[in-house]
Amino acid sequence: TQLLEQSPQFLSIQEGENLTVYCNSSSVFSSLQWYRQEPGEGPVLLVTVVTGGEVKKLKRLTFQFGDARKDSSLHITAAQPGDTGLYLCAGAGNNDMRFGAGTRLTVKP
Amino acid sequence: EPEVTQTPSHQVTQMGQEVILRCVPISNHLYFYWYRQILGQKVEFLVSFYNNEISEKSEIFDDQFSVERPDGSNFTLKIRSTKLEDSAMYFCASSEWGEAPGTGELFFGEGSRLTVL
Chain V
1 TQLLEQSPQF LSIQEGENLT VYCNSSSVFS SLQWYRQEPG EGPVLLVTVV
51 TGGEVKKLKR LTFQFGDARK DSSLHITAAQ PGDTGLYLCA GAGNNDMRFG
101 AGTRLTVKP
Chain D
1 EPEVTQTPSH QVTQMGQEVI LRCVPISNHL YFYWYRQILG QKVEFLVSFY
51 NNEISEKSEI FDDQFSVERP DGSNFTLKIR STKLEDSAMY FCASSEWGEA
101 PGTGELFFGE GSRLTVL
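Read top to bottom, the protein sequences are chains V and D.
Taken in order, the first sequence gives residues 1 to 109; the numbers are from the numbering used here.
Taken in order, the second sequence gives residues 1 to 117; the numbers are from the numbering used here.
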């Protein structure tokens, strides 16, 4: 079983601050995805990273895939209350997609 | 925009009863999945399904669980004899393609909340 460890588990910051959350594994993934989940809803895909070292930007969100394709980070610049949610990383296995436990982000106005 | 739909949104059942959760994946998608999320916990993989058969299943997906694609549009999860610990949100997801089954981008439904009393 390929395990994905996400850190921190909880993060509470003020509006306007920057933050980085991490997704680490001892396994190599062919691709890794980041999702955001709001209470009572299903996860919504933010980005897929495929190539080692790849950096993708989505407005104020920057995603990086580690060179060895074992880890990834999500950096948010100038966080806003609308960024509040559970951020999940998921790695592709043989025939499945396994999720980390998530980082629960709260951005206070 | 196409979306994955799930019914029911909430089901309450007695322990030992059978439950069927229904999903309509996005129409041109080929890979289908069930995940569950116990309240406050992580999203856990149950099963993936491709070409009318199970591709992969987790240790959670024991003999009490089964999946079926009874027609061209529905994808169902059946729990034969529910236990208290089956109480969770069950998410269906589908994906169009991937390098291998299970690697495509997943589109999730809104979930079905199962409460076992």
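Keep in mind that a hint or two might mislead.
With the Cβ distance kept under 8 Å, some of the chain V side facing chain D (calculated, not the full set) [said to hold, decoys possible]: (1) Tyr22; (2) Glu41; (3) Pro43; (4) Leu45; (5) Leu46; (6) Asn95; (7) Ala101; (8) Gly102.
Calculated from the structure, these hints are not laboratory results.
Quick caveat, the model's predicted, so the values are computed rather than measured.
A virtual CB, placed ideally from N, CA and C, is assigned to each residue, including glycine.
Worksheet item: Any hints this thing doesn't respect? Which numbers, in order?
Response: 1, 5
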